[in-house]
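Asker: With chain A's structure known, arrange chain B on it following the hints.
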Amino acid sequence: MKRGIVFLVLLFVLGTFLPSFSQIQEKQKDTKQLLEKGIDLYRSGEYEEAIKVFSEVLKLSVDKNEIIRTYVYFGYTYFAMNELDKALVQVYEAIKQSPEMTLKEEEFPADFIKFFDTAKNQVVGTLFIESTPDRARVWIDKKEFGATPLKTQLPAQRYHLRVVKGGYSPHEETIEIRSDSIIPIKIDLNKKKNWKSFVLSSLIFGAITVLAKSI
Amino acid sequence: MAILGGVFLRRWIFFLGLFLITVAAIEAEDITLYAGTTSSKARCLGVSLGGDVFPYLQCQIDVLKFTKKDSSLFSDIPEENRSDFLGASLNFALRLPIYLIPHLDRLRFIAPYVLAGYGAGLENLSTAYFDVPNADGKTGFITKLRQYHSYGGGLIVMLTSRFGVKFDYRSMNMPGLVKMGYPSRKLNRFSFGICIGSTD
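As you go down the protein sequences, you meet chains A and B in turn.
Residue numbering for the first sequence follows the working numbering, beginning at 345 and increasing consecutively.
Residue numbering for the second sequence follows the working numbering, beginning at 19 and increasing consecutively.
Check before you lean on any hint, since a few could be wrong.
Unchecked claim - Here are the computed distance ranges between Cβ atoms for each label pair: (1) A:548 with B:120: 23 to 29 Å; (2) A:547 with B:179: 26 to 32 Å; (3) A:544 with B:183: 27 to 33 Å; (4) A:520 with B:116: 38 to 44 Å.
As the list claims (entries may be wrong) - Here are the simulated DSBU-like pairs of lysine-lysine, each with C-alpha atoms no more than 35 Å apart in a straight line: (5) A:557 with B:197; (6) B:156 with A:557; (7) B:83 with A:557; (8) A:396 with A:430; (9) B:59 with A:557; (10) A:408 with A:396; (11) B:197 with B:162; (12) A:440 with B:156; (13) B:87 with B:156; (14) B:204 with B:86; (15) B:87 with A:557; (16) A:557 with A:530; (17) A:408 with B:83; (18) B:204 with A:557.
Said to hold, decoys possible - Example chain A residues on the side facing chain B (calculated, C-beta under 7 Å, incomplete): (19) 545; (20) 548; (21) 552; (22) 556.
Bear in mind the hints are in silico, worked out from the structure with no lab data behind them.
Heads up, the beta-carbon is just placed ideally off N, CA and C, and yes, glycines get one too.
Just chain A, with the same shape it has in the complex (with noise of 0.2 Å):
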């Protein structure tokens, strides 16, 4: 009897929950389609429909990789049209979404992909990060990034850097990326070794010494 209630009460929570699944998933159908809609009206010069259709899909879409796709291409269809300031606007919005990504010759003409890389290099600089020892962990705004060296693009802003090695005590700093710039920075992690971390090395050495040797 309990078994069957049980059973019961998940077919309705699964009956309730499954269409919002299914209806998320049109939702996200309804947006690719509809980025494919405005691109096919780009392309047959219908540009006023496709800026309509592009900001219809900033509205619906949650997907990131989409909404990118999308200011690249309302950008490029400010491009086309000559309304370069509102193209720069779209195209800045790209940038920041994904400030390391780069367009496809194949898929956009040169001069687009010329006016997209000048706008970049007026929106992000890069950081390089070097450690002594290397592999550290990098965090940029709380945001893992990878292990030095690094490097990546970024946009012009304050950050917050925290490096971080185990055994190793951590090193952070506000950093400032600017606009077309490479910022290098050089960490010494070894100025943060101490006698501490060399007693406490000792104290695992001499344990797995014993331990070895008591087996």
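Answerer: What follows is chain B alone, placed relative to chain A:
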């Protein structure tokens, strides 16, 4: 596999576990190619791969092979010849940071260390030797494996930021292989090597 019991098995499980954790944890930072000689006048070549598991504590995997045999264990009978040696060991080296001593901070390029480890090796690589049965009647290379503990120390002198030389001395103590009737053995090894890595 009666031989795989008791102390032997516990040691192997311990070091296998340590090895797996180490392989997961370290990123090989030091490679050393070395040549050496032993107290029994055998010569050897070897390679050591190491990585820091903690500041000042490095784990090394060391593989060693005799190039000139140990004449005291040589025999014309292939089954009795134990003059060769091929061994692998897992060692922990504790680097001594002399540069942390006041006024010695310029000596960062010199890194003395002490070392302890555990390994195993074979004194003959021929199938005739492996086919010799032990006291239990068992054959195979497992029955001939000589375990050993290594203790020693050395000095690394970095000539550039990534390239240096290493002087190493260690004592390899092998307990007797009772079921084969082999007595305990001690090899004191001195070697000189080229080290690619850093002292930090």
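Asker: Could you run down the list of hints and mark each one as holding or not?
Answerer: Hint check results:
1. A:548 with B:120: 23 to 29 Å: holds (26 Å)
2. A:547 with B:179: 26 to 32 Å: holds (29 Å)
3. A:544 with B:183: 27 to 33 Å: 29 Å Cβ-Cβ, so the 27 to 33 Å window holds.
4. A:520 with B:116: 38 to 44 Å: This hint holds: roughly 39 Å between Cβ atoms.
5. A:557 with B:197: Between residue 557 of chain A and residue 197 of chain B the Cα gap is close to 21 Å, so the pair holds against 35 Å.
6. B:156 with A:557: The given pair, whose Cα atoms are some 27 Å apart, holds under the 35 Å limit.
7. B:83 with A:557: Holds: residue 83 of chain B and residue 557 of chain A sit about 24 Å apart, inside 35 Å.
8. A:396 with A:430: Answer holds: residue 396 of chain A to residue 430 of chain A is near 14 Å, not above 35 Å.
9. B:59 with A:557: Holds: residue 59 of chain B and residue 557 of chain A sit about 28 Å apart, inside 35 Å.
10. A:408 with A:396: holds (19 Å)
11. B:197 with B:162: Since the Cα atoms of residue 197 of chain B and residue 162 of chain B sit roughly 9 Å apart, the hinted pair holds (cutoff 35 Å).
12. A:440 with B:156: Roughly 70 Å separates the two Cα atoms, so the pair is violated.
13. B:87 with B:156: Status holds; Cα separation ~27 Å.
14. B:204 with B:86: holds (17 Å)
15. B:87 with A:557: holds (29 Å)
16. A:557 with A:530: violated (42 Å)
17. A:408 with B:83: violated (57 Å)
18. B:204 with A:557: With a Cα-Cα distance of about 16 Å, the restraint between residue 204 of chain B and residue 557 of chain A holds, given a limit of 35 Å.
19. 545: This hint holds: residue 545 of chain A lies near chain B, its Cβ roughly 4 Å from the closest one there, short of 7 Å.
20. 548: Result: holds, 6 Å to nearest chain B Cβ.
21. 552: Since the shortest Cβ distance to chain B is 5 Å, the answer is holds.
22. 556: With Cβ-Cβ at 5 Å, under 7 Å, it holds.
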